[in-house]
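So you can see what is in the structure, the chains are spelled out below.
Number of protein chains: 2
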Amino acid sequence: MRNRQRQSSREASLSRRAALGMAAAGAAGLTTLPAVSQAAATGARTVDVVIVGAGFAGLTAARQLRAAGRSVVVLEADDRVGGRTKAGTVAGETVDLGGQWVGPAQTRLLALAKEFGVATYPQYDKGQNLIDIAGHRAAYEGETPALDPAAMGEFAEVIGKIETLSAATSMPRPWEGAAAAEQDAQTIESWLLLNAKSPAVRSAIRLLVRAVFSAETSQISLLYFLAYASAGGGFSALIATRGGAQDSLFDGGVWQLAARMAKDLGAAVVLNAKVESIAQDGTGVTVTTNTGAWRGRYGVVTAPPALASRIDYTPALPARRDGLTQRMPLGCVIKTHIAYSRPFWREQGLTGLVLSDRTEFGPWFDHSPRHGTTGSLVGFFDGGPAQRWADQPPEARRDRVLKDIAQYFGDAALSPIDYVEEVWTRTPLHRGGYVSVPGPGVLTAFGPALLEPVGRIHWAGTETAEAWAGYIDGAVRSGERVAEVVGALL
Amino acid sequence: MRNRQRQSSREASLSRRAALGMAAAGAAGLTTLPAVSQAAATGARTVDVVIVGAGFAGLTAARQLRAAGRSVVVLEADDRVGGRTKAGTVAGETVDLGGQWVGPAQTRLLALAKEFGVATYPQYDKGQNLIDIAGHRAAYEGETPALDPAAMGEFAEVIGKIETLSAATSMPRPWEGAAAAEQDAQTIESWLLLNAKSPAVRSAIRLLVRAVFSAETSQISLLYFLAYASAGGGFSALIATRGGAQDSLFDGGVWQLAARMAKDLGAAVVLNAKVESIAQDGTGVTVTTNTGAWRGRYGVVTAPPALASRIDYTPALPARRDGLTQRMPLGCVIKTHIAYSRPFWREQGLTGLVLSDRTEFGPWFDHSPRHGTTGSLVGFFDGGPAQRWADQPPEARRDRVLKDIAQYFGDAALSPIDYVEEVWTRTPLHRGGYVSVPGPGVLTAFGPALLEPVGRIHWAGTETAEAWAGYIDGAVRSGERVAEVVGALL
Numbered sequence: 001m002r003n004r005q006r007q008s009s010r011e012a013s014l015s016r017r018a019a020l021g022m023a024a025a026g027a028a029g030l031t032t033l034p035a036v037s038q039a040a041a042t043g044a045r046t047v048d049v050v051i052v053g054a055g056f057a058g059l060t061a062a063r064q065l066r067a068a069g070r071s072v073v074v075l076e077a078d079d080r081v082g083g084r085t086k087a088g089t090v091a092g093e094t095v096d097l098g099g100q101w102v103g104p105a106q107t108r109l110l111a112l113a114k115e116f117g118v119a120t121y122p123q124y125d126k127g128q129n130l131i132d133i134a135g136h137r138a139a140y141e142g143e144t145p146a147l148d149p150a151a152m153g154e155f156a157e158v159i160g161k162i163e164t165l166s167a168a169t170s171m172p173r174p175w176e177g178a179a180a181a182e183q184d185a186q187t188i189e190s191w192l193l194l195n196a197k198s199p200a201v202r203s204a205i206r207l208l209v210r211a212v213f214s215a216e217t218s219q220i221s222l223l224y225f226l227a228y229a230s231a232g233g234g235f236s237a238l239i240a241t242r243g244g245a246q247d248s249l250f251d252g253g254v255w256q257l258a259a260r261m262a263k264d265l266g267a268a269v270v271l272n273a274k275v276e277s278i279a280q281d282g283t284g285v286t287v288t289t290n291t292g293a294w295r296g297r298y299g300v301v302t303a304p305p306a307l308a309s310r311i312d313y314t315p316a317l318p319a320r321r322d323g324l325t326q327r328m329p330l331g332c333v334i335k336t337h338i339a340y341s342r343p344f345w346r347e348q349g350l351t352g353l354v355l356s357d358r359t360e361f362g363p364w365f366d367h368s369p370r371h372g373t374t375g376s377l378v379g380f381f382d383g384g385p386a387q388r389w390a391d392q393p394p395e396a397r398r399d400r401v402l403k404d405i406a407q408y409f410g411d412a413a414l415s416p417i418d419y420v421e422e423v424w425t426r427t428p429l430h431r432g433g434y435v436s437v438p439g440p441g442v443l444t445a446f447g448p449a450l451l452e453p454v455g456r457i458h459w460a461g462t463e464t465a466e467a468w469a470g471y472i473d474g475a476v477r478s479g480e481r482v483a484e485v486v487g488a489l490l
Numbered sequence: 001m002r003n004r005q006r007q008s009s010r011e012a013s014l015s016r017r018a019a020l021g022m023a024a025a026g027a028a029g030l031t032t033l034p035a036v037s038q039a040a041a042t043g044a045r046t047v048d049v050v051i052v053g054a055g056f057a058g059l060t061a062a063r064q065l066r067a068a069g070r071s072v073v074v075l076e077a078d079d080r081v082g083g084r085t086k087a088g089t090v091a092g093e094t095v096d097l098g099g100q101w102v103g104p105a106q107t108r109l110l111a112l113a114k115e116f117g118v119a120t121y122p123q124y125d126k127g128q129n130l131i132d133i134a135g136h137r138a139a140y141e142g143e144t145p146a147l148d149p150a151a152m153g154e155f156a157e158v159i160g161k162i163e164t165l166s167a168a169t170s171m172p173r174p175w176e177g178a179a180a181a182e183q184d185a186q187t188i189e190s191w192l193l194l195n196a197k198s199p200a201v202r203s204a205i206r207l208l209v210r211a212v213f214s215a216e217t218s219q220i221s222l223l224y225f226l227a228y229a230s231a232g233g234g235f236s237a238l239i240a241t242r243g244g245a246q247d248s249l250f251d252g253g254v255w256q257l258a259a260r261m262a263k264d265l266g267a268a269v270v271l272n273a274k275v276e277s278i279a280q281d282g283t284g285v286t287v288t289t290n291t292g293a294w295r296g297r298y299g300v301v302t303a304p305p306a307l308a309s310r311i312d313y314t315p316a317l318p319a320r321r322d323g324l325t326q327r328m329p330l331g332c333v334i335k336t337h338i339a340y341s342r343p344f345w346r347e348q349g350l351t352g353l354v355l356s357d358r359t360e361f362g363p364w365f366d367h368s369p370r371h372g373t374t375g376s377l378v379g380f381f382d383g384g385p386a387q388r389w390a391d392q393p394p395e396a397r398r399d400r401v402l403k404d405i406a407q408y409f410g411d412a413a414l415s416p417i418d419y420v421e422e423v424w425t426r427t428p429l430h431r432g433g434y435v436s437v438p439g440p441g442v443l444t445a446f447g448p449a450l451l452e453p454v455g456r457i458h459w460a461g462t463e464t465a466e467a468w469a470g471y472i473d474g475a476v477r478s479g480e481r482v483a484e485v486v487g488a489l490l
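Heads up: the protein sequence lines correspond to chains A and B, in order.
Heads up: the first sequence begins at 1 in full-length UniProt numbering, then just goes up one per residue.
Heads up: the second sequence begins at 1 in full-length UniProt numbering, then just goes up one per residue.
Keep in mind that a hint or two might mislead.
In the SDA-like style, the derived pairs of lysine to any residue whose C-alpha atoms are separated by at most 25 Å in a straight line are [unchecked claim]: (1) B:Lys-274 with A:Gly-292; (2) A:Lys-274 with B:Asn-272; (3) A:Lys-274 with B:Ala-77; (4) B:Lys-274 with A:Thr-291; (5) B:Lys-126 with B:Tyr-140; (6) A:Lys-114 with A:Ala-237; (7) A:Lys-274 with A:Gly-455; (8) B:Lys-274 with A:Ile-311; (9) A:Lys-197 with B:Ala-179; (10) B:Lys-114 with B:Asp-251; (11) B:Lys-263 with B:Thr-291; (12) B:Lys-197 with B:Asp-132; (13) B:Lys-126 with B:Leu-402; (14) B:Lys-274 with A:Ala-316; (15) B:Lys-126 with B:Ser-356; (16) A:Lys-274 with B:Thr-291; (17) A:Lys-197 with B:Asn-195; (18) A:Lys-161 with B:Leu-194; (19) A:Lys-274 with B:Asp-281.
Bear in mind the hints are in silico, worked out from the structure with no lab data behind them.
Bear in mind that the values here come from a model prediction, so they are computed numbers and not experimental data.
Using the sequences plus the hints, can you model the full thing?
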């Protein structure tokens, strides 16, 4: 049924192309259904839509367009799919070196997992979390960080203010809100200094913001912060484990979902094809890579703005779009898995979660395999620490990680059985993560360019999502949206 | 004498290269002194230093290295030299479409002009300036904007505070100052809201900042603002005409100085050569353009960080350098010259300078030819207005400019005899101006990467200058510095 639909739709598409005077090559494809055919005129292979980037956004867009009977190609510079998700191995277990968690409100990602039969399981949280903020060290259960009791009132008040402001953000176009100009003129840090007196509250908010954005409170527009929180159901949802954005994990890793989508797409996904330029004219786009060119009626670029700017566009992009790409840096992040012969912190009654302003590494979480006897932690250098440690030798980073963990879990932490890291912020094809984080004055001046198509080029990627921007779920949503928009134009 | 030195130095250089096992091709060059020779091994032409960008920084570095006997090539993507300076014509007069002014403290630029025999002349300032801020319109003489008298006290106080903070900045490494973290966590705007109550003072500072940086107070780090002002001798010096950064103009245009330097460099300047990649190894750099590759022992990149990031580097740049390039957007600017049959504003007793918060276009200045009877104005869309108008049709911009001028000079402004503009922020090879303007949290985390060489690649350009960063003078200084540093390594 689906095949029949696709085929007839493809025929219609080819007829339209022929009517437009385009090369009707690839008719043979009607029997074998290859996604890519040869265009006699340009030497470029021709499809309906050329998609740049095989992360969750690009793959989702591709499969949805395919399901609607369109021909696509997904061009990926890397030798793998998945974008900001990636498979790795630590102590024989396959783990996520990139995005990994899912929350109950991330319904599009959960639907994708259900479709592929990939189960989720809850993030381990039995026992006590540790916190060490502004000189106050405590163990606690649940979601509310146990600051110095004297600071708890103000902490609740500040979180409350953030939630109120966030809920009032004008979504999905935050720059249109009445308070937008004022909120976009300040950083989270300058707002925090005016709204929190307690050093403990300030330090806690800085750490939580850093963990969510991989950037510092001094670098982030308050408006962007509030809009981002709003797109994820509030700041509390972003920082929470149970019920929040760190609620659950995927059995075997979330990267599998990208791999499964790519498998279904088959030859339509082209790896090791780095897009160098995109030229467009009245009838389509020509996307040139190091391994050849593709021609499509439309193009979809899923790379984050800072990396999309490294493609050469003809004609040149409008000032607003190019200006946006100059002002959307990626956060800085290094992700590390540390495996031990057993999860010894559990024996101490600990969940494994530590939130400290006395370490460079952190936060970290229990990430032990569900079966077997070994134990594992997963954690991050985020923001400033990631920036400082990314250019250090791996041994120095490893030493810092283990010593930081040992401060809280004891010397057993110094003897892992395995260790793996991904320095996203130094990886040439990513140059950061988890997401693009604009400073002040960007959204209000350049925000509309995030989504606004430029002729036949459309933009996707988690940064463009109306819900859960910055998360895998947002990437899926952005892929669905762009497939719908472009599909309607074909 | 200079030729002899150059030759013997070149011989020594070639011997060293041969000793390093490099192809000693280009020996023929010893008799004809071409700047560029052919390296047998790679097919790349070989020089001592490959310089990317033929603006004032690159040209200055090239001539200084040449004078020291080194061989250089300057690769320029555009079909002209001059970078952010450029020649244009309005009503038969040659004018600067980019940088144009010089102040008395800009000694390196003045020295260059003297060397080439290009005279300067004072910016016309006879008569009264017009100001229209926060609903108060006034005419005044001299350098201090005549705000509503009730606001003048606070204006002086705020300027005083800025000068005090600016003078206390830790230069040339502002991120090392005791107040750096705090100052880098806020925008000029959030500082202004706390330090100025009067709407007139706020509006005036916003306009002046916009005119200096081509960016909005909401987009600029307070620390960067203070450091930039410090590098130019204080904020008052930056905004002043007489004695300040807008003191004088060059007879025939400042662009001539770039043209003269390029003429002296001859075949060592290669136009229409867009640098696509830079690869380095233990002995040198290979710089590949759309028209061939060059090999040098060192490379100098003068492009501003946001554009330098669009080059492909092998090995990949360190995280801190790449991170900097994601966080140094160029300001937004459109420059316009409007010629009239006579300078009719002079007949009204006006200098031609108008500073208004009720126009999109502005400020503008008298730029009438020194000889003859025609009159001319030069002005800008800066920051927000430039961003908003860059993607509009030229006719709409022209209409806006003329109507804005007519509000102050009368309907005679609606009938120019000629009109020319340069939309820097839309030009693919520039994408903004006058200078790169980081938001909060950038300098303190990424600042050192502005200058720090990456292996054999050194960075220049006005952004890297210790004095007059953002000005042509700073570009010249950065070229001198990099030539000295790289020269000492050869």
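A quick look at each hint next to the structure:
no. : hint                     : verdict
1   : B:Lys-274 with A:Gly-292 : 21 Å, holds
2   : A:Lys-274 with B:Asn-272 : 24 Å, holds
3   : A:Lys-274 with B:Ala-77  : 22 Å, holds
4   : B:Lys-274 with A:Thr-291 : 21 Å, holds
5   : B:Lys-126 with B:Tyr-140 : 11 Å, holds
6   : A:Lys-114 with A:Ala-237 : 22 Å, holds
7   : A:Lys-274 with A:Gly-455 : 22 Å, holds
8   : B:Lys-274 with A:Ile-311 : 14 Å, holds
9   : A:Lys-197 with B:Ala-179 : 19 Å, holds
10  : B:Lys-114 with B:Asp-251 : 12 Å, holds
11  : B:Lys-263 with B:Thr-291 : 21 Å, holds
12  : B:Lys-197 with B:Asp-132 : 18 Å, holds
13  : B:Lys-126 with B:Leu-402 : 23 Å, holds
14  : B:Lys-274 with A:Ala-316 : 15 Å, holds
15  : B:Lys-126 with B:Ser-356 : 19 Å, holds
16  : A:Lys-274 with B:Thr-291 : 21 Å, holds
17  : A:Lys-197 with B:Asn-195 : 20 Å, holds
18  : A:Lys-161 with B:Leu-194 : 20 Å, holds
19  : A:Lys-274 with B:Asp-281 : 23 Å, holds
Violated hints: none; the structure is consistent with every hint.
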